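Novice: All chains should be built: construct the whole structure from the sequences, respecting the hints.
Here my numbering is used: position 209 in the sequence shown is 209, and no number is missing along the way.
No lab work stands behind these hints, which were simulated from the structure alone.
Worth double-checking, as some hints may not be accurate.
[What the hints assert, rightly or not] 25 Å max Cα-Cα, derived PhoX-like pairs, lysine-lysine:
1. LYS222 <-> LYS315
2. LYS257 <-> LYS161
3. LYS276 <-> LYS257
4. LYS276 <-> LYS172
5. LYS161 <-> LYS172
6. LYS161 <-> LYS315
7. LYS315 <-> LYS172
[Stated by the list, open to error] Here are the simulated distance ranges between beta carbons:
8. MET220 <-> ARG79: 13 to 23 Å
9. ILE254 <-> MET176: 29 to 39 Å
10. PHE183 <-> SER213: 14 to 24 Å
11. ARG83 <-> ILE304: 44 to 54 Å
12. SER169 <-> ALA242: 26 to 36 Å
13. ARG83 <-> CYS157: 42 to 52 Å
14. CYS157 <-> ILE115: 46 to 56 Å
15. GLN344 <-> ARG207: 58 to 68 Å
16. MET220 <-> ARG83: 42 to 52 Å
17. ILE286 <-> GLU312: 30 to 40 Å
18. ILE68 <-> PHE215: 36 to 46 Å
19. ARG80 <-> GLY177: 18 to 28 Å
20. ASN211 <-> ARG83: 44 to 54 Å
It should be emphasised that the depicted structure is a prediction, and the values quoted were computed from it without experimental measurement.
Glycine is no exception: its CB is placed at the ideal position from the N, C-alpha and C atoms.
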Amino acid sequence: MCTQGQVHLYLYDGNRSSDIACSGCDSTEASFATDPVAEGSSYDVFLESSRFWIQRVLVPIVTFIGVIGNSLTIVIMTRRRMRSSTNNYLAALATVDTLYLLGGFTLSLKHYEVIQRKCLSVYLRCFPILILLTDTCSNSSVWLTATFTVERYIAVCHPIKSRVLCTESRAKKAIMGVLLFCFALALPTPFEYALVEEQDPVTNVTRVSLNYSEFGRNEMYKKTYYWTTVVVFTLVPFCLLAVFNALLVRSVHISRKQRSRLILRTDPSRDSQESKITIMLIAVVILFFFCQLPTAITLLYTSIGNLQEGSEQEKLVFILGNVFNFLMSLNAAGNFVLYCLLSQKYRRTLLQVLCPIGALVRLQSLSQCTGTSIIQSEDRTTVSIRT
Numbered sequence: 001m002c003t004q005g006q007v008h009l010y011l012y013d014g015n016r017s018s019d020i021a022c023s024g025c026d027s028t029e030a031s032f033a034t035d036p037v038a039e040g041s042s043y044d045v046f047l048e049s050s051r052f053w054i055q056r057v058l059v060p061i062v063t064f065i066g067v068i069g070n071s072l073t074i075v076i077m078t079r080r081r082m083r084s085s086t087n088n089y090l091a092a093l094a095t096v097d098t099l100y101l102l103g104g105f106t107l108s109l110k111h112y113e114v115i116q117r118k119c120l121s122v123y124l125r126c127f128p129i130l131i132l133l134t135d136t137c138s139n140s141s142v143w144l145t146a147t148f149t150v151e152r153y154i155a156v157c158h159p160i161k162s163r164v165l166c167t168e169s170r171a172k173k174a175i176m177g178v179l180l181f182c183f184a185l186a187l188p189t190p191f192e193y194a195l196v197e198e199q200d201p202v203t204n205v206t207r208v209s210l211n212y213s214e215f216g217r218n219e220m221y222k223k224t225y226y227w228t229t230v231v232v233f234t235l236v237p238f239c240l241l242a243v244f245n246a247l248l249v250r251s252v253h254i255s256r257k258q259r260s261r262l263i264l265r266t267d268p269s270r271d272s273q274e275s276k277i278t279i280m281l282i283a284v285v286i287l288f289f290f291c292q293l294p295t296a297i298t299l300l301y302t303s304i305g306n307l308q309e310g311s312e313q314e315k316l317v318f319i320l321g322n323v324f325n326f327l328m329s330l331n332a333a334g335n336f337v338l339y340c341l342l343s344q345k346y347r348r349t350l351l352q353v354l355c356p357i358g359a360l361v362r363l364q365s366l367s368q369c370t371g372t373s374i375i376q377s378e379d380r381t382t383v384s385i386r387t
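Specialist: Following this line, the structure appears as structure tokens:
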């Protein structure tokens, strides 16, 4: 090791592996050195601008707001009066989204000069674990969204079967299965990297670098793992979401038509409650599609196209990768806003969490005026959030 205490740290690509170069994820590419900017190249200017505004300005803001919103969602969805199978999924989704935001923000720290000067050694050692964390959380978010969409379809279109299939215990088992499955498939990623320490005998300076390991350079592994992740975390869940979300939209449309034609109903509020829940979950899936689909399309495009290293086409992919990664962070932070806009019960519970004394007084006075217990009347339904 260096006796003078001077350590030069950098991260380089060497032979850049195709799975990272083609992912469009500039925030997680294995490169710390600033890319050479060709004078007069508009792509290089846009690339540096996108890194600055997205990684150093927008990502910290979205992360801060998202972590607070998701933390409140976790607290609300795990309260006794809010417990249900669907709420278990939404609490789990908020948890993995929070971890994804924190992991993505930590990865973006490489764009700060102070990190490169003072903390790069720690960053390089944590980099493989951060990739494992963000990949696991991102993939878990995809499959949790797909799972609760399927569950909602069963609850709406097959209400008798839902009494058996849509239970809290089954939801918890499904959540655990999704997390373990996504973690297992992301587990090889830390082994794609190798930390190398070299000491220059002339200058007595120790250079620490992070390069791809032999395992990470293996062509068979790269192709097999890449296409496995594309199929398992892009094609299959997106197809499921498209099909079941379309069926849910159709069911809501039919339900509204039927309600408008019926004059007498046994429970006038129940159908409306279930429709509101379904509409809220449809909105969550639409936001998911809006934020995740561009990354999925880019991933498929780069898997078919042959991007040359350093080409303008590759730089364009990196620029789009910055934008699309920001959309993914926006998706991880945006569900809280949808819950507040579309769920009356979520807003009421949020008020109780933030202002417990004032909210309790208002609830008690309203309960005395109506002669009923609001909390008890809201807990009649068995599945999901009551909006």
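Novice: Each hint: holds or not?
Specialist: The hints, checked one at a time:
Restraint check for LYS222 and LYS315: satisfied, since their Cα atoms lie roughly 22 Å apart, inside the 25 Å limit. Among the hinted pairs, LYS257 with LYS161 is consistent with the structure: their alpha-carbon atoms are about 24 Å apart, no more than 25 Å. Note on LYS276 and LYS257: the hinted pairing holds, with a Cα-Cα distance of about 15 Å set against a maximum of 25 Å. Proposed proximity of LYS276 and LYS172 is supported: the alpha carbons are some 23 Å apart, at most 25 Å.
Distance check on the hinted pair: LYS161 and LYS172 sit about 18 Å apart at the alpha-carbon level, within 25 Å; holds. For the proposed pair LYS161 and LYS315, the alpha carbon gap of about 51 Å is over 25 Å, so the pair is violated. With a C-alpha separation of about 43 Å, the suggested pair LYS315 and LYS172 falls outside the 25 Å cut-off, and the hint is violated. The given range of 13 to 23 Å is broken by MET220 and ARG79, whose C-beta atoms sit roughly 49 Å from each other.
The hinted window of 29 to 39 Å between ILE254 and MET176 holds, with their beta carbons roughly 34 Å apart. At roughly 20 Å, the beta-carbon separation of PHE183 and SER213 lies within the given 14 to 24 Å, and the hint holds. The hint said 44 to 54 Å for the Cβ distance between ARG83 and ILE304, and at roughly 45 Å that hint holds. Between SER169 and ALA242 the CB atoms are about 29 Å apart, so this pair conforms to the stated range of 26 to 36 Å.
Here the CB-CB span from ARG83 to CYS157 is close to 23 Å, at odds with the stated 42 to 52 Å. For the pair CYS157 and ILE115, the supplied restraint of 46 to 56 Å holds, since their beta-carbon distance comes to about 51 Å. Against the hinted window of 58 to 68 Å, the Cβ-Cβ separation of GLN344 and ARG207 comes to about 59 Å, which satisfies the hint. Restraint check, MET220 to ARG83: a C-beta distance of roughly 47 Å satisfies the suggested window 42 to 52 Å.
Taken as a hint, the range 30 to 40 Å holds for the pair ILE286 and GLU312, whose Cβ atoms sit roughly 34 Å apart. Between ILE68 and PHE215, the C-beta spacing of about 39 Å keeps the proposed range 36 to 46 Å intact. Between ARG80 and GLY177, the C-beta spacing of about 25 Å keeps the proposed range 18 to 28 Å intact. Taken as a hint, the range 44 to 54 Å holds for the pair ASN211 and ARG83, whose Cβ atoms sit roughly 48 Å apart.
Hints 6, 7, 8 and 13 from the list above are not met by this structure, while the remaining hints are.
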